[in-house]
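Please work from the sequences and hints to get the whole structure.
As given, the protein sequences belong to chains A and B, one line each in that order.
Just so we're aligned, residue 1 is where the first sequence starts under our numbering, counting upward by one.
Just so we're aligned, residue 116 is where the second sequence starts under our numbering, counting upward by one.
A couple of the hints might just be wrong.
In silico EDC-like pairs for lysine to aspartate or glutamate, Cα to Cα no more than 16 Å straight-line [to be verified]:
#, chain 1, residue 1, chain 2, residue 2
1, B, LYS185, B, ASP145
2, B, LYS198, B, ASP153
3, B, LYS124, B, GLU139
4, B, LYS186, B, ASP153
5, A, LYS102, B, ASP213
6, A, LYS56, A, ASP66
7, A, LYS112, A, ASP78
8, A, LYS102, B, ASP145
9, A, LYS2, B, ASP145
10, A, LYS112, A, GLU15
11, A, LYS42, B, ASP153
12, A, LYS102, B, ASP174
13, B, LYS198, B, GLU130
14, A, LYS42, A, ASP83
15, A, LYS70, A, GLU3
Hints were generated in silico from the structure; no laboratory data involved.
Since the structure is predicted, the reported quantities are computational estimates derived from the model, not experimental observations.
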Amino acid sequence: QKEVEQDPGPLSVPEGAIVSLNCTYSNSAFQYFMWYRQYSRKGPELLMYTYSSGNKEDGRFTAQVDKSSKYISLFIRDSQPSDSATYLCAMSPNILTGGGNKLTFGTGTQLKVEL
Amino acid sequence: DGGITQSPKYLFRKEGQNVTLSCEQNLNHDAMYWYRQDPGQGLRLIYYSQIVNDFQKGDIAEGYSVSREKKESFPLTVTSAQKNPTAFYLCASSMRRDGFYEQYFGPGTRLTVT
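Next up, the structure:
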């Protein structure tokens, strides 16, 4: 079983829809949870990150972490065609408590927002 | 402009040939990484280096080699021993951000071996 599981999609939604992207994980040591966005034929870039449980909002994007269920989500409101990309979750232990400098990535979910 | 450059963007080789992928960063980051990305498999770590003249194997190091002679540069050699070398290769560097290391990625090199 992989440490991080993510549905690869593809996920196709109409413009303006609310999108929910999810990952599950098995390693209780993970404390930081990231979402990277990767456009076609480009490198991933960090979209947002969350520490431990809770929600974090940035414009149309909301990241949510439920550590008790080992489940993280990224919500995109009012989705736009420019949001079409692959979204990868990534996780890391806290370096202050012994975590290293490697990230564990999900496989990525391919999202297409159609006009 | 700070960032990571990878060259070339597309690379074609014949089976049995070694090939070296370039990765340069001017972000002054200590750590650098190489990943391979295949459809449906996400990012798989090949090698990483935390400091000059030191590097460690990742999850899929067989058939690959690296060097880290300069802080700015972390080239990856795909050897003829790598059974399935055709893939998208991503280089990254990282800096500490709060309690984790944020990774910054280059634009990638798509290698095709026939």
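Structure-based check of all given hints:
| no. | hint | result |
| --- | --- | --- |
| 1 | LYS185/B - ASP145/B | holds, 10 Å |
| 2 | LYS198/B - ASP153/B | holds, 14 Å |
| 3 | LYS124/B - GLU139/B | holds, 13 Å |
| 4 | LYS186/B - ASP153/B | violated, 28 Å |
| 5 | LYS102/A - ASP213/B | holds, 14 Å |
| 6 | LYS56/A - ASP66/A | holds, 12 Å |
| 7 | LYS112/A - ASP78/A | holds, 13 Å |
| 8 | LYS102/A - ASP145/B | holds, 13 Å |
| 9 | LYS2/A - ASP145/B | violated, 28 Å |
| 10 | LYS112/A - GLU15/A | holds, 9 Å |
| 11 | LYS42/A - ASP153/B | holds, 14 Å |
| 12 | LYS102/A - ASP174/B | holds, 11 Å |
| 13 | LYS198/B - GLU130/B | holds, 10 Å |
| 14 | LYS42/A - ASP83/A | holds, 14 Å |
| 15 | LYS70/A - GLU3/A | holds, 11 Å |
Of the numbered hints stated above, those contradicted by the structure are hints 4, 9, listed in ascending order.
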